[in-house]
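Chemist: These protein sequence lines map, in sequence, to chains A and B.
Following our numbering, the numbering of the first sequence begins with 1 at its first residue and continues without gaps.
Following our numbering, the numbering of the second sequence begins with 1 at its first residue and continues without gaps.
Some hints here could point you the wrong way.
If several chains are the same, the list does not tell them apart, and a pair holds so long as it fits within one copy or across any two.
Dumping the calculated SDA-like pairs for lysine to any residue here, alpha-carbon to alpha-carbon at most 25 Å [what the hints assert, rightly or not]:
no., residue 1, residue 2
1, K129, D73
2, K36, P19
3, K129, P117
4, K36, P76
5, K36, D73
6, K129, S72
7, K127, D142
Simulated from the structure, these hints should not be mistaken for laboratory data.
Number of protein chains: 2
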Amino acid sequence: MALKGATAPIYFGSFLVTPQVSTTPPPIPNFLPPNKNQVFYKTPLSFALVNLKPILPGHVLISPLRVVPRLSDLTPSETSDLFLTVRRVGRMVERVYGAASLNIAIQDGVHAGQSVPHVHAHILPRKAKDLDHRGGTDAVYDMLNGKEGDIGRALLRDSGGATEETRRKRSEGFPVPDDEERKPRGEEEMVVEAEMLRGEMEGEPID
Amino acid sequence: MALKGATAPIYFGSFLVTPQVSTTPPPIPNFLPPNKNQVFYKTPLSFALVNLKPILPGHVLISPLRVVPRLSDLTPSETSDLFLTVRRVGRMVERVYGAASLNIAIQDGVHAGQSVPHVHAHILPRKAKDLDHRGGTDAVYDMLNGKEGDIGRALLRDSGGATEETRRKRSEGFPVPDDEERKPRGEEEMVVEAEMLRGEMEGEPID
Numbered sequence: 001m002a003l004k005g006a007t008a009p010i011y012f013g014s015f016l017v018t019p020q021v022s023t024t025p026p027p028i029p030n031f032l033p034p035n036k037n038q039v040f041y042k043t044p045l046s047f048a049l050v051n052l053k054p055i056l057p058g059h060v061l062i063s064p065l066r067v068v069p070r071l072s073d074l075t076p077s078e079t080s081d082l083f084l085t086v087r088r089v090g091r092m093v094e095r096v097y098g099a100a101s102l103n104i105a106i107q108d109g110v111h112a113g114q115s116v117p118h119v120h121a122h123i124l125p126r127k128a129k130d131l132d133h134r135g136g137t138d139a140v141y142d143m144l145n146g147k148e149g150d151i152g153r154a155l156l157r158d159s160g161g162a163t164e165e166t167r168r169k170r171s172e173g174f175p176v177p178d179d180e181e182r183k184p185r186g187e188e189e190m191v192v193e194a195e196m197l198r199g200e201m202e203g204e205p206i207d
Numbered sequence: 001m002a003l004k005g006a007t008a009p010i011y012f013g014s015f016l017v018t019p020q021v022s023t024t025p026p027p028i029p030n031f032l033p034p035n036k037n038q039v040f041y042k043t044p045l046s047f048a049l050v051n052l053k054p055i056l057p058g059h060v061l062i063s064p065l066r067v068v069p070r071l072s073d074l075t076p077s078e079t080s081d082l083f084l085t086v087r088r089v090g091r092m093v094e095r096v097y098g099a100a101s102l103n104i105a106i107q108d109g110v111h112a113g114q115s116v117p118h119v120h121a122h123i124l125p126r127k128a129k130d131l132d133h134r135g136g137t138d139a140v141y142d143m144l145n146g147k148e149g150d151i152g153r154a155l156l157r158d159s160g161g162a163t164e165e166t167r168r169k170r171s172e173g174f175p176v177p178d179d180e181e182r183k184p185r186g187e188e189e190m191v192v193e194a195e196m197l198r199g200e201m202e203g204e205p206i207d
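The whole structure should be built from the sequences, with the hints applied where relevant.
Modeler: Structure, rendered in structure tokens:
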């Protein structure tokens, strides 16, 4: 299902990732400014979004529409829909980015490294020898879990510092940025990629 | 669904992981000797097995019964069943091993680090500070992907060296053991754990 006609806002954790349609200030920190859309695919229960800081080309995320932290919080229908979406979007990004394999990873809970308390599966398209310069195939995990892959850090930095939400997360032990790190890519680049992937998904078989 | 009455052999890749019932030699290398059962849970389309070399207590694997290498090879029904099983078994191992989070990882294809060409999701129960002595939460990935977590290596070494299958894999670029490495745990310990987990799954809600 494409996003045409979709009006309900979509949140990744506490971050709005679809265009802001309201003229009143949102009640929680925003990630994207008005008219920017990070979401490129939506099913009845799940959505797919591009990354602020992809660690490899085509690194995307799949989440349930409902904002819950753990896989065990999902209903069976949400679980099925989420992973059918992972399979479908994975097939698409593998094709579009000329890859031959995929890493799929879920940090299900804070002690597993989860930085945004909203279920999300990372999909990372892989090619032969793509990370030889970083130490080999499995370097992807260091990248995914190091500062360069930390979505929570990236989102929170981008949202402008220590908001109430940030302070709350800090107190809950979620990693929060306080320093240097690689510059996230521009919103424009991200929105253009989402638009391209939205088109690709329109031609993707449902099963 | 428990394993009572189950008679069909289950293979993880080319390795038989249920008791060998035939008196004639099997056509492909065996992993477990007769009357050993590594499988602790089975659904109509998926199964769960304990690990020869768990990298953390409760590290188990979930696979489709059908031996195919890629997620994209699965039917929608197989995909749903696989991940409903991941969710169900994950909830159980988190409880049984006193954990508070889970890492879930799939190496979907050889260029993503897959060592046994049969779809499998790793489930790793996580606790607060459980890997601080190894460098922190995300050390799990180094362990999962280093020699100590390599299921293909462990299985192939255990099966007795360079069989035809091993040579075939070698030629296809799958990692194959040829050296040292940590000793895998004993079959008895693995079988006892599988028996314990089989009992736990009998009390686990289906959804």
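Chemist: Now tell me if each hint is right for this structure.
Modeler: Now for the hints, and whether the structure bears them out:
In the homo-oligomer, the alpha carbons of K129 and D73 lie at most 25 Å apart only across protomers (23 Å), although the nearest pairing inside one protomer, at 37 Å, exceeds that limit. In this assembly of identical chains, the alpha carbons of K36 and P19 lie at most 25 Å apart only when taken from the same copy (5 Å versus 56 Å across copies). Only between protomers do K129 and P117 lie at most 25 Å apart by alpha-carbon distance; the minimum there is 18 Å, versus 33 Å within a single protomer. Taking the shortest alpha-carbon separations for K36 and P76, neither the intra-copy value of 32 Å nor the inter-copy value of 32 Å comes in at or below 25 Å.
Taking the shortest Cα distances, K36 and D73 never come within 25 Å of each other, neither inside one copy (29 Å) nor across copies (35 Å). In the homo-oligomer, the alpha carbons of K129 and S72 lie at most 25 Å apart only across protomers (22 Å), although the nearest pairing inside one protomer, at 35 Å, exceeds that limit. Taking the shortest alpha-carbon separations for K127 and D142, both the intra-copy value of 17 Å and the inter-copy value of 20 Å come in at or below 25 Å.
Figure legend: structure checked against the earlier numbered hints; hints not met, in rising order: 4, 5.
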